[in-house]
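K.L.:
Please work from the sequences and hints to get the whole structure.
Going down the list, the sequences are from chains A and B.
Following full-length UniProt numbering, the numbering of the first sequence begins with 1 at its first residue and continues without gaps.
Following full-length UniProt numbering, the numbering of the second sequence begins with 1 at its first residue and continues without gaps.
Mixed in with the good hints there might be a few duds.
Identical chains share a label here; the pair holds if one copy fits it or two copies do between them.
[As the list claims (entries may be wrong)] For lysine to any residue, the following SDA-like pairs were computed, each having C-alpha atoms within a straight-line distance of at most 25 Å:
1. 232 to 7
2. 232 to 214
3. 145 to 161
4. 145 to 60
5. 232 to 102
6. 145 to 50
7. 232 to 67
8. 232 to 144
9. 199 to 233
10. 232 to 211
11. 232 to 152
12. 199 to 143
13. 232 to 168
14. 145 to 253
15. 199 to 105
16. 232 to 155
Since the hints were derived computationally from the structure, they do not count as laboratory data.
None of the values given here were measured: they were computed from a predicted structure.
Number of protein chains: 2
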Amino acid sequence: MSGRSGRLVVVGLGPGGPGYLTEDSRAALESAQDLIGYAPYLARLPEREGQTRLASDNRVELERAREALRRAAEGRRVALVSGGDPGVFAMAAAVFEAMETGEPAWRGLDVEVLPGVSAMLAAAARLGAPLGGDFCAISLSDNLKPWDTITRRLECAARGDFVIALYNPASRARPSRILDAFAILSAALPPETLVVFAKSVGRAEEQIIIADLANADLSQVDMATLVIIGAKGTRLIERPGARPFVYTLRRVS
Amino acid sequence: MSGRSGRLVVVGLGPGGPGYLTEDSRAALESAQDLIGYAPYLARLPEREGQTRLASDNRVELERAREALRRAAEGRRVALVSGGDPGVFAMAAAVFEAMETGEPAWRGLDVEVLPGVSAMLAAAARLGAPLGGDFCAISLSDNLKPWDTITRRLECAARGDFVIALYNPASRARPSRILDAFAILSAALPPETLVVFAKSVGRAEEQIIIADLANADLSQVDMATLVIIGAKGTRLIERPGARPFVYTLRRVS
Numbered sequence: 001m002s003g004r005s006g007r008l009v010v011v012g013l014g015p016g017g018p019g020y021l022t023e024d025s026r027a028a029l030e031s032a033q034d035l036i037g038y039a040p041y042l043a044r045l046p047e048r049e050g051q052t053r054l055a056s057d058n059r060v061e062l063e064r065a066r067e068a069l070r071r072a073a074e075g076r077r078v079a080l081v082s083g084g085d086p087g088v089f090a091m092a093a094a095v096f097e098a099m100e101t102g103e104p105a106w107r108g109l110d111v112e113v114l115p116g117v118s119a120m121l122a123a124a125a126r127l128g129a130p131l132g133g134d135f136c137a138i139s140l141s142d143n144l145k146p147w148d149t150i151t152r153r154l155e156c157a158a159r160g161d162f163v164i165a166l167y168n169p170a171s172r173a174r175p176s177r178i179l180d181a182f183a184i185l186s187a188a189l190p191p192e193t194l195v196v197f198a199k200s201v202g203r204a205e206e207q208i209i210i211a212d213l214a215n216a217d218l219s220q221v222d223m224a225t226l227v228i229i230g231a232k233g234t235r236l237i238e239r240p241g242a243r244p245f246v247y248t249l250r251r252v253s
Numbered sequence: 001m002s003g004r005s006g007r008l009v010v011v012g013l014g015p016g017g018p019g020y021l022t023e024d025s026r027a028a029l030e031s032a033q034d035l036i037g038y039a040p041y042l043a044r045l046p047e048r049e050g051q052t053r054l055a056s057d058n059r060v061e062l063e064r065a066r067e068a069l070r071r072a073a074e075g076r077r078v079a080l081v082s083g084g085d086p087g088v089f090a091m092a093a094a095v096f097e098a099m100e101t102g103e104p105a106w107r108g109l110d111v112e113v114l115p116g117v118s119a120m121l122a123a124a125a126r127l128g129a130p131l132g133g134d135f136c137a138i139s140l141s142d143n144l145k146p147w148d149t150i151t152r153r154l155e156c157a158a159r160g161d162f163v164i165a166l167y168n169p170a171s172r173a174r175p176s177r178i179l180d181a182f183a184i185l186s187a188a189l190p191p192e193t194l195v196v197f198a199k200s201v202g203r204a205e206e207q208i209i210i211a212d213l214a215n216a217d218l219s220q221v222d223m224a225t226l227v228i229i230g231a232k233g234t235r236l237i238e239r240p241g242a243r244p245f246v247y248t249l250r251r252v253s
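P.N.:
Okay, structure coming up:
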């Protein structure tokens, strides 16, 4: 009945290979009794004797968070597994929503979020330093917020000359998201604004496409793409026989 | 003369203890011949036989980046060490600025940035999930950009209802930065907007202060503080005998 010995750790694997995992996250994954998460994330982890796995579909975040809290309340040591960083468009917010709206006893549980390498930071590192100035991160998913809010945020981000990272640029339900977003951004930013599509960063099929706002081929954008829109100070460094580096000047004049 | 065997890796240690370090970053630090960085970051790393250290002052980023590129061009395996994530208000942008304005041969070097856990992500994890919605990161340092730009970005971020992470909220040269920033934000946001000061996250002296915009004690903000300003959907979960969790609702109505 008592949850005092249970524990829930919310862990992010980073966007791709095991090299992104932090020491704390590795230790938490090793000591957990139950691993809960979206199936492809769990599939990245080695099987371990005596460890239970509960793989779920991607679109049931709140249910998955409740199940994790329920098991921790039963005294289990649970790791809830996200990709990237669990606090950036991933599972951590769902856990606290489940806690606030769930059993009062859940607030007394030992719950900890461990930070990880978000897709945005991993993509930026691969490119050079595109987030070298002020930046913002916007999810284009309108499952939980009105498209009007997304429009306003894109406009504000463009007006503020932020570097912009776009998460969830495509979905089966609404493939036109990225077209709508680029229409808004194109009305607010110069056509030569640098644009990067970072696909499947850290995985074997990784692909980086560099273009400008006027000429970007939006058909390249899929669900595994992180889109970065440069600011005025975002530049290319051409290199002999290699992809250019992309970085943003620290200095703003 | 040839730099073909040299290599420069730009590494972030995360904001505090060794638990934030990724596997790739640890391997890069172990295999480097030369470690270059701000002295307190190098002091966190174990001494290793045959490894050279070059500790420098905090305010000479560009010189430090040039020295790292120069050594890599001489054929050395160099690790340039940052706190947090090297791409977020840290050393990576300085490296590419040094490359673009330096020796043409530097563009042919093997240069790689490894992502890390930024102070913003670590602070957010400690709090719960305050970055659960769209968010932006703004440095309040006006060493390299006019204060007018900072003002405009704060106004745009507030108008867009972004969660806002403020880096470099104080400096010896300009202790009033955070006062000026809060004056701008207070004119644009409701007085009950949640505010968090996350000080020295991941270190023994870590301190978390939760307040609201109208009542925050700005004298608490020092150079090691990461400031988070909530959005409309940012909330507290009160807990028995513990600091409340802070999270941002995924749903925007």
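K.L.:
Is it within, between, both or neither when you check residue 232 against residue 168 at 25 Å Cα-Cα?
P.N.:
both (24 Å within a copy, 22 Å between copies)
K.L.:
Between copies, within a copy, both or neither: which fits residue 232 and residue 144 at Cα up to 25 Å?
P.N.:
Answer is between: at 15 Å across copies they meet the 25 Å cutoff, but 31 Å inside does not.
K.L.:
Given identical chains, is residue 232 near residue 152, meaning Cα to Cα at most 25 Å, within a copy, between copies, both, or neither?
P.N.:
both (20 Å within a copy, 15 Å between copies)
K.L.:
Is it within a copy, between copies, both, or neither that the alpha carbon of residue 232 lies no farther than 25 Å from that of residue 7?
P.N.:
neither (46 Å within a copy, 30 Å between copies)
K.L.:
Taking 25 Å as the upper bound on the Cα-Cα distance, should residue 199 and residue 105 be classified as within, between, both, or neither?
P.N.:
Neither way: residue 199 and residue 105 sit 42 Å apart in one copy and 29 Å across, limit 25 Å.
K.L.:
Between residue 145 and residue 60, at a C-alpha cutoff of 25 Å, which is it: within one copy, between copies, both, or neither?
P.N.:
within (17 Å within a copy, 44 Å between copies)
K.L.:
State whether the alpha carbon distance between residue 145 and residue 253 is at most 25 Å within one copy, between copies, both, or neither.
P.N.:
Classified as between: cross-chain Cα gap 6 Å, same-chain 35 Å, threshold 25 Å.
K.L.:
Please work out whether the CA atoms of residue 232 and residue 155 approach to 25 Å or closer within one copy, between two copies, in both situations, or in neither?
P.N.:
both (15 Å within a copy, 18 Å between copies)
K.L.:
Check residue 145 against residue 161 for me: Cα-Cα at most 25 Å, and say if that holds within a copy, between copies, both or neither.
P.N.:
both (24 Å within a copy, 12 Å between copies)
K.L.:
Check residue 232 against residue 102 for me: Cα-Cα at most 25 Å, and say if that holds within a copy, between copies, both or neither.
P.N.:
Result: close only across copies, 22 Å inter versus 46 Å intra.
K.L.:
Classify it for me, residue 232 with residue 67: is the Cα-Cα distance of at most 25 Å met within a copy, between copies, both or neither?
P.N.:
neither (46 Å within a copy, 28 Å between copies)
K.L.:
When Cα atoms must be at most 25 Å apart, do residue 199 and residue 233 count as within-copy, between-copy, both, or neither?
P.N.:
within (23 Å within a copy, 30 Å between copies)
The structure does not agree with the numbered hints 1, 6, 7 and 15 stated previously, though it agrees with the rest.
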